[in-house]
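Trainee: Here is what each chain is made of, one letter per residue.
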Amino acid sequence: MANKIRVATTSLAGCFGCHMSFLDLDERLVQLAELVEFDRSPITDIEHCTDCDIGLIEGGVCNSENVHTLREFRKNCKILVAVGACAINGGLPAMRNFIPLEECLSEAYLDGIGVENPQIPSDVELPLLLDKVRPIHEVVKIDYYLPGCPPSADVFWKFLTDLLAGREPELDYELVHYD
Amino acid sequence: MSKTITIDGKTIPFEDGQTIMEAATAADVYIPHLCHHPEFTPHGSCKLCTVKVNGRNCSACTFPAAEGQDVLNNTQELIDDRRKITQMLFVEGNHFCPSCEKTGNCQLQAVAYHLNMLDDHFPLFYPNREMDASHPDVLIDHNRCIFCALCVRASQQHDGKNVFAISGRGINKHLIFNAESGQLKDTDLDKNDKAAHICPTGAILIKRTGYQVPIGQRIYDHHEIDEVSLATTEHQHGE
Ligand code: SF4
Ligand code: SF4
Ligand code: FES
Numbered sequence: 001m002a003n004k005i006r007v008a009t010t011s012l013a014g015c016f017g018c019h020m021s022f023l024d025l026d027e028r029l030v031q032l033a034e035l036v037e038f039d040r041s042p043i044t045d046i047e048h049c050t051d052c053d054i055g056l057i058e059g060g061v062c063n064s065e066n067v068h069t070l071r072e073f074r075k076n077c078k079i080l081v082a083v084g085a086c087a088i089n090g091g092l093p094a095m096r097n098f099i100p101l102e103e104c105l106s107e108a109y110l111d112g113i114g115v116e117n118p119q120i121p122s123d124v125e126l127p128l129l130l131d132k133v134r135p136i137h138e139v140v141k142i143d144y145y146l147p148g149c150p151p152s153a154d155v156f157w158k159f160l161t162d163l164l165a166g167r168e169p170e171l172d173y174e175l176v177h178y179d
Numbered sequence: 180m181s182k183t184i185t186i187d188g189k190t191i192p193f194e195d196g197q198t199i200m201e202a203a204t205a206a207d208v209y210i211p212h213l214c215h216h217p218e219f220t221p222h223g224s225c226k227l228c229t230v231k232v233n234g235r236n237c238s239a240c241t242f243p244a245a246e247g248q249d250v251l252n253n254t255q256e257l258i259d260d261r262r263k264i265t266q267m268l269f270v271e272g273n274h275f276c277p278s279c280e281k282t283g284n285c286q287l288q289a290v291a292y293h294l295n296m297l298d299d300h301f302p303l304f305y306p307n308r309e310m311d312a313s314h315p316d317v318l319i320d321h322n323r324c325i326f327c328a329l330c331v332r333a334s335q336q337h338d339g340k341n342v343f344a345i346s347g348r349g350i351n352k353h354l355i356f357n358a359e360s361g362q363l364k365d366t367d368l369d370k371n372d373k374a375a376h377i378c379p380t381g382a383i384l385i386k387r388t389g390y391q392v393p394i395g396q397r398i399y400d401h402h403e404i405d406e407v408s409l410a411t412t413e414h415q416h417g418e
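The listed protein sequences derive, respectively, from chains A and B.
For reference, each letter of the first sequence is one residue, going 1 to 179 in this note's numbering.
For reference, each letter of the second sequence is one residue, going 180 to 418 in this note's numbering.
Rather than coming from a laboratory, the hints here were simulated on the basis of the structure.
Since we're looking at a predicted model, the values are computed, not measured.
Don't take each hint at face value.
[Said to hold, decoys possible] Covered by chain A, per the in silico footprint, the following chain B stretches (three or more residues, Cβ under 8 Å):
#1 277–284
#2 301–311
#3 393–406
[Said to hold, decoys possible] From the derived model, a few chain B residues whose C-beta atoms are all more than 10 Å from chain A:
#4 204
#5 242
#6 326
The beta-carbon is built from N, C-alpha and C at its ideal position, and this holds for glycine as well.
Same shape as in the complex, but just chain A:
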């Protein structure tokens, strides 16, 4: 079918929990599939975004690759949406912001309990870590926010159906949660 709304999704410094919650749309996914098609997304395995209508971003930015991905989404998506606590305020990954990066790496790869062959991974293929995890609105302009850890399937549904019907998306009281 021509002229389906094109949606791209990605998880940056997130746990894929928001994507799992999206899949909780269950049978409503069938209805949704009649209206939208997926571009770059873990659901399709397409690796790069092309022109899209809606981009859904889970997670904050914790490394250089996250920043590139986020910019690619901003460049290609008409509407960019911060999905979940981590995209909005860094979330639990940002709890490392209070520990110097060097200490985090030593704990994980050098001094931690049960570490064998201790060495800090360093390979050109590996994206460099940022000194702090940051929310995505600090890097690119964000059009809408869906709070929650994760936002419930009902939040995705309300937001997308509002948008697809040409309404300004609104979340009622019971749909707004930070936990």
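Based on these hints, arrange chain B with the ligands on the given structure of chain A.
Mentor: Same frame as chain A, now just chain B with the ligands:
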């Protein structure tokens, strides 16, 4: 004839000596607030209760009601201002609600929900703040303190003690405890003190009680703070 003010066009009676907040509450009109508590002297620090009185911004919790005042409360402009103030309170601390015991019972979060705050708007400060877990029954997480001084006032005015104070300025502002060591365990705070239960956020927690009510079944999960705040039974500090 009693004296009156109007709030958003509605006539509200007041008695001499009442603040705008007190007159409004008595008439079942909710004005958002965090540092105000009816039992304690007003502090006027959070500015969430900002209303327009005869065209000028004032804090409803400290401003005395006076005959004929024209007060605006629920205007879009004031709601937008209050949302920005709440966003500032979030970014200047560390509020990771999914890992906070207070979530669902937190007044800061509830005010944010009430204002339909969906994002933080500002860059996050991620200030480096400590915890004090030294006390056997009470935990302090400075990351979530909004310096409302309710614990300070409750300790002095209700408990007859003087456990808490606010010290420092700007990003270095912090809650301190009245003990030589600076640790909570060396104060005379008891877990049954009003001061241990008054915190509107998750900065003061009673140990071993955090998850007695599951997330999803807590006060503000299903009731808006205006409704809870105006209800006569005081159940807003559920633990
Ligand atoms: S104190 Fe309130 S706003 Fe802060 S993290 Fe806890 S629940 Fe969230
Ligand atoms: S610990 Fe709680 S009650 Fe005390 S000043 Fe901080 S936010 Fe207010
Ligand atoms: S409630 Fe009035 S300034 Fe905080």
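Trainee: Are three or more residues of the region 393–406 of chain B within 8 Å, CB to CB, of chain A?
Mentor: holds (count 4)
Trainee: Are at least 3 residues of the region 301–311 of chain B within less than 8 Å of chain A when you compare beta carbons?
Mentor: holds (count 4)
Trainee: Is the nearest CB of chain A more than 10 Å from the CB of residue 326/B?
Mentor: holds, 20 Å
Trainee: Holds or violated: the region 277–284 of chain B covered by chain A, criterion of 3 or more residues with Cβ-Cβ distance under 8 Å?
Mentor: holds (count 5)
Trainee: Against chain A, does residue 204/B hold up as non-interface, every C-beta pair farther apart than 10 Å?
Mentor: holds, 21 Å
Trainee: Does residue 242/B clear chain A by more than 10 Å, comparing its Cβ with all Cβ atoms of that chain?
Mentor: It holds; residue 242/B is separated from chain A by about 29 Å at its closest Cβ, greater than 10 Å.
The structure is consistent with each of the numbered hints, conforming to all of them.
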